[in-house]
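Protein chains in written order, with numbering that gives the first Met the number 0: chain A, 0 to 333; chain B, 0 to 333; chain C, 0 to 333; chain D, 0 to 333.
Hint data in this document are derived by calculation from the structure and do not stem from the laboratory.
A few of these clues could be false.
Which copy is meant is left open, so a pair is good if it fits within one copy or across any two.
Below 30 Å or equal to it, Euclidean Cα-Cα: the simulated DSBU-like pairs (lysine-lysine) are [what the hints assert, rightly or not]:
#, residue 1, residue 2
1, Lys85, Lys301
2, Lys65, Lys301
3, Lys47, Lys65
4, Lys301, Lys198
5, Lys47, Lys90
6, Lys65, Lys198
7, Lys256, Lys301
8, Lys301, Lys90
9, Lys256, Lys85
10, Lys47, Lys85
4 protein chains.
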Amino acid sequence: MQERATEEQIDAVIDAMVEVGLSVHRTTGAIQSILAGVGPTANVDLSKFEVLPGVLNVLRISSPYKLAGRAFRPEGSVIEFANGVKVGGAKVAVMAGPCSIESREQMFQTAERVKAIGASFLRGGAFKPRSSPYSFQGMGIPGLQMMHEAARAHGLLTVSEVMEISQIEEMLPYVDLFQVGARNMQNFNLLRELGQARKPVLLKRGIAATIEELLLSCEYIMAGGNYNVILCERGIRTYETATRNTMDISAIPVIHKLSHLPIVADPSHGTGRRDMVAPMARAAVAAGADAILVEVHPNADKAASDAAQTLYLEQFDELMGQLRVIATAVGRTM
Amino acid sequence: MQERATEEQIDAVIDAMVEVGLSVHRTTGAIQSILAGVGPTANVDLSKFEVLPGVLNVLRISSPYKLAGRAFRPEGSVIEFANGVKVGGAKVAVMAGPCSIESREQMFQTAERVKAIGASFLRGGAFKPRSSPYSFQGMGIPGLQMMHEAARAHGLLTVSEVMEISQIEEMLPYVDLFQVGARNMQNFNLLRELGQARKPVLLKRGIAATIEELLLSCEYIMAGGNYNVILCERGIRTYETATRNTMDISAIPVIHKLSHLPIVADPSHGTGRRDMVAPMARAAVAAGADAILVEVHPNADKAASDAAQTLYLEQFDELMGQLRVIATAVGRTM
Amino acid sequence: MQERATEEQIDAVIDAMVEVGLSVHRTTGAIQSILAGVGPTANVDLSKFEVLPGVLNVLRISSPYKLAGRAFRPEGSVIEFANGVKVGGAKVAVMAGPCSIESREQMFQTAERVKAIGASFLRGGAFKPRSSPYSFQGMGIPGLQMMHEAARAHGLLTVSEVMEISQIEEMLPYVDLFQVGARNMQNFNLLRELGQARKPVLLKRGIAATIEELLLSCEYIMAGGNYNVILCERGIRTYETATRNTMDISAIPVIHKLSHLPIVADPSHGTGRRDMVAPMARAAVAAGADAILVEVHPNADKAASDAAQTLYLEQFDELMGQLRVIATAVGRTM
Amino acid sequence: MQERATEEQIDAVIDAMVEVGLSVHRTTGAIQSILAGVGPTANVDLSKFEVLPGVLNVLRISSPYKLAGRAFRPEGSVIEFANGVKVGGAKVAVMAGPCSIESREQMFQTAERVKAIGASFLRGGAFKPRSSPYSFQGMGIPGLQMMHEAARAHGLLTVSEVMEISQIEEMLPYVDLFQVGARNMQNFNLLRELGQARKPVLLKRGIAATIEELLLSCEYIMAGGNYNVILCERGIRTYETATRNTMDISAIPVIHKLSHLPIVADPSHGTGRRDMVAPMARAAVAAGADAILVEVHPNADKAASDAAQTLYLEQFDELMGQLRVIATAVGRTM
């Protein structure tokens, strides 16, 4: 409460707190009074109290997320896939592939090469609404089928972005890991539906989302019973314009402290530039990332989308060599 | 080009520019060469050039939006509604109402009062996916029906948020102005569909969106033939934590310079606090806003959502008195 | 404390709290324990506790500033100058003049005109280290003498920036209000010295400073006994690049809530563009600013510095007409 | 120019460009005209043109810094110290020590240990104006003497922060590398003086400074003839509050592309938390940092300042083991 708060004001705040189901502890200090509310606050809108007369400040002591919090599984979560591949374990997983699925040949060629280089997931986008009305919109479900075939032919898992609830069902046969893009991080309807899906979800951090908001979004998926969530750092918006986004590498150790969920780093979107992908991928593994997600293309310069941030296969190969060394420095394999 | 760029590098960049349909002008200076590309660049991904060897920097000279740009209609756009109400003209329009539609009584009571105080639009949300799975989800279409009846009974227009393509059709009979929320500012599929709708659209700026990105999003709506777009500033995310968002009042004159479209200010979401709504509404009108959008509720403390930022009706009345004076200072009425 | 915190960890934190002089209240909840420390915390570095094992989060309940806080003078501070001019009272004060003092003629011409238009302070910079080694460095003390003469000849007060401790003494005879620039907001040695000066201080917010940090900087001045501090909002750095800075108009009502000190708005630096100065000056007064600080020049296009953001005198005159109307809307004069 | 720009407006802009010494090339397109100015623009204030009637946008094509730019020394700079230690070469340098110099014993103890663990620089602050008026202000020159003795006794170099011009001369005998703090990154007077000093300078990036601004600040030092500048990334201010600052790891490869100067990473200030220092130090070396600067203390919990971000010596030892492995992954030693 403010130093000048009157007894009436304090009583009114206590009443408001009791009304939402909190028990209230009052500490009357020499200078000001403090009211502590104990009880279930996850659904309480704290700003309601902030505008009451006499209130100086409202702070939430307990974290607003529960299922995603470290305390829920102190030992950490390992997401296990059908073929035995794990994300969150000692081995750092690698997800690689083009931004967009363009053709059967492209996907088979990519799958063969990324598998040989060390990836365990094949990535590729089937829905590309971002582009202008006149440009390539993605290959849709037929594209996913191609990706799935190419992946299975080479013992890879698949990861692809889901953008609408209606796509979940039709993507299900072809996708091992549903990706939720940064723009949908707070599309709560979509998250809730994915909570019902029996496949793991890779949730990307929004470019203006705090780590707390990212973990809150997880709750929507986990509340539905789907605990297989992998988080993804892919850059946040800052005042710096030298890079498209500022990849927040420190989010990796912070999330490991706050949550039990694995975290993957996406240096391709995090930087937007091919020449920055390798340094940031190395930084992410050095900081403890559980997996990396990189855009590669057998003919990177001709990629239908995101060409500038797509690695040549030789660059990817070289990068993997570096990452294997770095992984050993943090007690992991790759 | 970089100062050290070789002739081969320069030639390769010229080739890449020609390939996307640009004609290239080369200036060879004492220190470095500059390549200027002239032609249709709206669909060209500039970052493609940025990663070519020898390139220092790629800059877009012409603005990437056309239909939303000031040059398209130098005199400015005025959006006219069926009952003669205009947004973008000499009179500053007022849109007021609760965050959520809660009951018929609430909407009729609100409509009567806000009309009397000077509003010409009744606002109210019917879909509230933001809330937790266990809390109020909004009244949906029946709620919109109530709002529409209440509005018509008092000569008001209606504005309400559309969140999914599937809602457009069913909302159409009840809504005079479709609102697109900040989180959907880059939901390009939704924007494209609204380009086909024959009703005006109020497009809110995302909390991490630049003004340029906001205008680019307009292109999606306008490309479909729907030129009746109203922009909305509602706060951006910055490092400052004293307010929920930082309302970017300067966006108002900037948008008036760059675009012909009217702009409305939303001080309720821009600040998140009732005691900041009036100062920021006044600031917005003083800076030239074409309309304001405020949350009011006949019983603000008990509002089902956003209670902390909702004005009491008496506060709204007092605010309107101040705004009328300010409007005259900028050559407008209210 | 974290949910998994052990009794040993909790005891260790309690010991650390007691060691810095706090009395500790422990609340043991179903899920987690909370430790509340009561006592003088202004000099306690809270991050020290944050890294102790078992600690989830450390929050400061009481505000870290005292003298600048609203509670210190709930009725608000009015800074009174020798000639009876007040900042913080019912009349909104106006400070106007060129960025740099360039000549005696320039200052007399400016003084005459700004006085006639309604200013009560003449501004002008004497030290300009910002410029390159080869460009204009400011006229120094002789310039201040000119400004002072011109101001006194027209019944104006003077305000000018002090950049180093060594300048305080020599500026004293010529300056009625010491300005501390945004880059020096956390130059604590300078602030401390100004706490000893018997002249008011105008403290500009740093472009990356929170409002809390601005108020903490005030403490350095006020702790020395100089309570005559005026705060200044001049734009913060955000991701938006359409304006040089984002002028945080909401800082005005926020500061009025948190502090008793008056606040002045500087729309010239806040926007960096002449065509944005008037809208933002109007917004600032509408939001409750106690004064405005604008750059004007009898020959704005030829100004030695900051030409782009400097108003023509006719623009200033027109702006003042608008501001007078707006002032009445918020119960003030101008 | 804007699409609606008149011939008079275009001519006026051309005149203004010629006046500042540029030769102007005009391209008249179907939609708009473009004016290109060629000539020395380093001292030209571009915003001057931005506010001229008819101007849409002003862009600087050539980089505003020259001496710090990569083209000045494409092969990269290596800063060599008296004892043969190099920063910028194949070996990643390590700078370690306490935030504040507290006692002779502390410095000798630290010097011995950090040397044994692998550091080549001993760091320590002698001036601490940040603290409140009542707390520890730093030991000043006597402290630097102690640090220098301790360093020399163990074959280490010294690095310490200089805060005012007057300190340069007196620090000179004791300091091998002058550190300029983040708050002084744009204290141009100080930078200019350091340009005259015959000792290398470590320039920290301000928390709200762009990479371009950091390189511009270098020009002030280098213009004086002192080319021995080392840059330092230590975290920028973003909206994320989970860490004190967001350490911009991507600044490391960006600076290596734009500049020939070496870059050191400071994970202690970059994170503010002991448990984040090691992950971010590893990330920095993995991303290509030329040196790291870490706070260590023989009794970290009792450090007089910055205790929370100070490593225990055992942690530093363990970290160095990891860094040596990572260095090999990027073709370096440590």
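Problem - 30 Å Cα threshold - placement of lysine 301 relative to lysine 85 - result: neither (33 Å within a copy, 42 Å between copies)
Problem - Homo-oligomer pair classification [lysine 90, lysine 301; C-alpha up to 30 Å] - result: Neither, since 32 Å and 38 Å both go past 30 Å.
Problem - Status of lysine 85 relative to lysine 256 across identical chains (alpha carbons, at most 30 Å) - result: Classified as within; 20 Å inside a copy, 36 Å across copies.
Practice task
Classify it for me, lysine 65 with lysine 198: is the Cα-Cα distance of at most 30 Å met within a copy, between copies, both or neither?
Solution key: within (21 Å within a copy, 43 Å between copies)
Practice task
Pop the pair lysine 47 and lysine 90 into one bin, within, between, both or neither, using alpha-carbon distances up to 30 Å.
Solution key: Result: close neither inside a copy nor across copies, 46 Å intra and 34 Å inter.
Handout entry: Within, between, both or neither: lysine 65, lysine 301 at alpha-carbon 30 Å
Key = between (45 Å within a copy, 27 Å between copies)
Exercise for the section: Measure nothing new, just compare the shortest in-copy and cross-copy C-alpha distances for lysine 301 and lysine 198 to 30 Å and report within, between, both or neither. Expected result: Classified as neither; 32 Å inside a copy, 40 Å across copies.
Exercise for the section: Check lysine 256 against lysine 301 for me: Cα-Cα at most 30 Å, and say if that holds within a copy, between copies, both or neither. Expected result: So lysine 256 and lysine 301 pass the 30 Å test across copies only (24 Å; inside, 41 Å).
Problem - Within, between, both or neither, where lysine 47 and lysine 65 count as close if Cα-Cα is 30 Å or less - result: both (22 Å within a copy, 26 Å between copies)
Practice task
Go through the copies and call it for lysine 47 and lysine 85: within, between, both or neither, with a Cα cutoff of 30 Å.
Solution key: neither (43 Å within a copy, 35 Å between copies)
In summary, the structure is inconsistent with hints 1, 4, 5, 8, 10 from the numbered list given earlier, while agreeing with the others.
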